[in-house]
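Engineer: Chains as they are written, first to last, in the working numbering: chain A, 622 to 867; chain B, 17 to 379.
Keep in mind that a hint or two might mislead.
Unchecked claim - Listed next, the in silico EDC-like pairs over lysine to aspartate or glutamate satisfying Cα-Cα at most 16 angstroms (straight line):
id, chain 1, residue 1, chain 2, residue 2
1, A, 676, A, 793
2, A, 746, A, 786
3, A, 728, A, 750
4, A, 676, B, 262
5, A, 746, A, 763
6, B, 250, A, 721
7, A, 710, B, 260
8, A, 746, A, 721
9, A, 710, B, 262
10, A, 710, A, 793
11, A, 728, A, 786
12, A, 676, A, 690
What the hints assert, rightly or not - Simulated restraints, written as ranges between beta carbons of each label pair:
id, chain 1, residue 1, chain 2, residue 2, range
13, B, 37, A, 835, 52 to 60 angstroms
14, B, 178, A, 797, 27 to 35 angstroms
15, B, 183, A, 765, 26 to 34 angstroms
16, B, 37, A, 688, 54 to 62 angstroms
17, B, 164, A, 742, 29 to 37 angstroms
18, A, 800, B, 178, 34 to 42 angstroms
Rather than coming from a laboratory, the hints here were simulated on the basis of the structure.
Where is the CB? At the ideal position from N, CA and C, for every residue including glycine.
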Amino acid sequence: MSSGRRLYLDGVSVVFDGFRALNNLSLIVEPGELRSVIGPNGAGKTTMMDVITGKTRPTAGTVNFGDIDLTRMDEAAIANLGIGRKFQKPTVFDALTVFENMELALKAPRGPLACLRWALTGEAKSRIEQALEETGLQERAEDLAGILSHGQRQWLEIGMLLMQDPELLLVDEPVAGMTDAETEHTAALLVRIAGKRSVVVVEHDLEFVRALGRRVTVLHEGSVLSEGSIDHVQNDQRVIEVYLGR
Amino acid sequence: MSATVSPLPASRARLGLRTGLLVALLLLAAMPVLNQLPTTHPLHVSDFLVSVTGKWICYAILALSLDLAWGYAGILSLGHGAFFALGGYAMGMHLMRLIGPRGVYGHPVLPDFMVFLGYRELPWYWLGFDHFAFAMLMVVLVPGVLALVLGWLAFRSRITGVYLSIITQAMTYALMLAFFRNDMGFGGNNGFTDFKELLGQPLNTSAARSGLFYASLIALAGAFLLCSRITASKYGRVLTAIRDGENRVRFLGYNTTHHKLFAFVLSAMLAGVAGALYVPQVGIINPGEFSPANSIEAVIWVAVGGRGTLVGAILGAFTVNGLKTWLTSAAPDLWLFVLGGLFVLVTLFLPKGLIGLLKGRGA
Chain A
622 MSSGRRLYLD GVSVVFDGFR ALNNLSLIVE PGELRSVIGP NGAGKTTMMD VITGKTRPTA
682 GTVNFGDIDL TRMDEAAIAN LGIGRKFQKP TVFDALTVFE NMELALKAPR GPLACLRWAL
742 TGEAKSRIEQ ALEETGLQER AEDLAGILSH GQRQWLEIGM LLMQDPELLL VDEPVAGMTD
802 AETEHTAALL VRIAGKRSVV VVEHDLEFVR ALGRRVTVLH EGSVLSEGSI DHVQNDQRVI
862 EVYLGR
Chain B
17 MSATVSPLPA SRARLGLRTG LLVALLLLAA MPVLNQLPTT HPLHVSDFLV SVTGKWICYA
77 ILALSLDLAW GYAGILSLGH GAFFALGGYA MGMHLMRLIG PRGVYGHPVL PDFMVFLGYR
137 ELPWYWLGFD HFAFAMLMVV LVPGVLALVL GWLAFRSRIT GVYLSIITQA MTYALMLAFF
197 RNDMGFGGNN GFTDFKELLG QPLNTSAARS GLFYASLIAL AGAFLLCSRI TASKYGRVLT
257 AIRDGENRVR FLGYNTTHHK LFAFVLSAML AGVAGALYVP QVGIINPGEF SPANSIEAVI
317 WVAVGGRGTL VGAILGAFTV NGLKTWLTSA APDLWLFVLG GLFVLVTLFL PKGLIGLLKG
377 RGA
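Extracted from the complex, chain B is given alone in its bound form:
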């Protein structure tokens, strides 16, 4: 009896997911408001929880972008953290320029680290970053162009699977080493910090924190809608087909290189946006963001949540990071074992991730 498959539970599950998503969105949106309540109020949300949730929202955007590339197009990028970090650095450069003469050394133009390292003038690639619009353009353009070049070389040569993953991993590692160097002009291992303001608003106020929180939430909703449109279109089905049988898609007359490039570049741009929203909230960006471990962790979020479903990617980012925040304070030594164990368990027993578990119920 229970084994009979009818189409109804599936659509009902989808409806349930949509409703759940909307409720989750409203709950998130309420957090900065509840933060304003007196600390004694039972519904008060702590500063810590608001700021950590703001970070998770950025991670969720990164997870969505990775899911588009991996879950749909089958491009397992182990270097998506690099696109996130590049977006973050572009935003960081803007924030550094906005410090102006308020730095420790009081130089009118040069950021503190440049004065310290003996720079006489701003390197050419720092020009224009004092303009918000230019910086935002770079937030998407720099990761996008890197993805375009890397993707073009790899996809055209028909590099797929584990080889492609290794190349993306090498890319983020190489960038990490490069950004550690002082003479790159990106602050070496200290990176950027001590940000003062953004869009004329001081960053250390609760209004600025709420503003960034809402900007991230809107970006997440926008990214979700964009990815939904893409994956529901025929293009989304072409991507799925490439994932499951790229050769066959070629013989249908599709230039799969173009299709994969389009998805990969778009995905890198989304990751850049996530990084740009992340940096002003945490107040620092340094080469550690390029660490290969970060990219791998992002893959685990998507795998745990359920790759190939957009809701799954978001769910995975929140679940794993929530667990991480709790465990790294409750039992710091355990975290890496739990993370590794989680990945193994999900791969073995929940190939469709948590979302598969949720959808499976009742059907």
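Excised from the complex, chain A in its bound form:
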């Protein structure tokens, strides 16, 4: 196991205009763990990601990464702390090439002057090439990201996350709209990544969650309904009622 920090959410609530998007949610992700989070629409999966990455401030509760309080930091600061996020809708930069997208994400000083003076060193180049290879995009390096297929855009996003060298990756619906082969490739990719880093995957696709084969957390109406192995949660009566049974 890596010696990284653990993600600790305790009693987190988020209220939007009286609607409880998160309701006393508690969750711990250990360093190096690969965790799947499932739940029906509106269960609070994306809001949970928003809270961890600083996009949404919790109404109540504790959100810590190691001993750092994330509720006091903005998105950029949290990203620089080592928490990377892949959005549900792939958002890569269409006007830049695949390589340039990776380069933009590569961990390096982020200020305007540092970016002006930036020169691509051999080490940075080989790190980018390694990530291109890992995500299977090496053939597309010089292509504009705008012409990639849906699956390739998702992998580019994951590759960009890797370039940030995060301790914790939050991956929102990585296989939505993917073919079976692409889904398989993505599962293998995420399993490879975990271990060195903690990974939280939010997904609808239960086959995919089974392929990941790790601990599963089921969210419902903003709090944890059940937690355990995929077989455990699939046999949990409450889970069957609200989610699987439909």
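Go by the hints and put chain B onto chain A.
Structural biologist: Okay, now just chain B, sitting in the frame of chain A:
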């Protein structure tokens, strides 16, 4: 067959553009020289054409600065004319101080309008403008600081898109109203004029006109090289990324407020330089330069030329202003319709502007 995309035409187009740019630069540089030829000579360039081209060069610098903010960073400023005008006013204050006792009222220090309005002494903010270096510093500093304050407040509060455009438009309008006031100490609606000299040279000679022309041309070339360096760097790619998905850039760990501020301030400074070079060439600066219409026209130059390409911004400034100079004498009533129509047509049919049309050919 013709639909196959190969990378060759694109790079060839870029090479063509570079060559075209160099040729254009040389042709421009030759204009003051050809102006010296006898008027009967077939290659003679008229005084009018030289002076109007000098103005267009300043507009091209303004277009470049706007393109950096809008075309690359996605900050659609509808108030860039304000930065241009402030640079112009800073230069105007220097030129006014240089008039010295040669004014109509013959006061040793105070400009004519201050004597007329009953000023006893120079307002504090006019101090130092008798020094060229100080005035030049103000040419970049005043627009820069205004952009810094406005940008800081707006970007930090995550004001983007049309709201930001409205704020910049309000800024230039507010400044116009302020500068119209006599008690601001900037000459009210008459502004500054009757300039005599700059750097010890009388302004009404053809040597001074050529000097200003070349200074503007060098500034344009410098601004182009600076913007090329910026947009070709990783910083330029960060700006493009902010334009296309600011949120995503934030989650990559970039403080987009800082990046946008840097581009906006630099852009405002460039606009100030353009204004400072413009004023001694036209011989006047008044609050009309802050008019919102001026800022909008600058946006149209960039849109027509092709935003997000530096050559496009320059091309747009020359094309639209050339058309304006010709039409406002040939058919003055038509100009505004043509300008509006041009903007609509370019938006609908040429989203990449004239430069897109040029690059598209042959590919």
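Engineer: Of the hints given before, which are not true for this structure?
Structural biologist: Structure breaks no hint.
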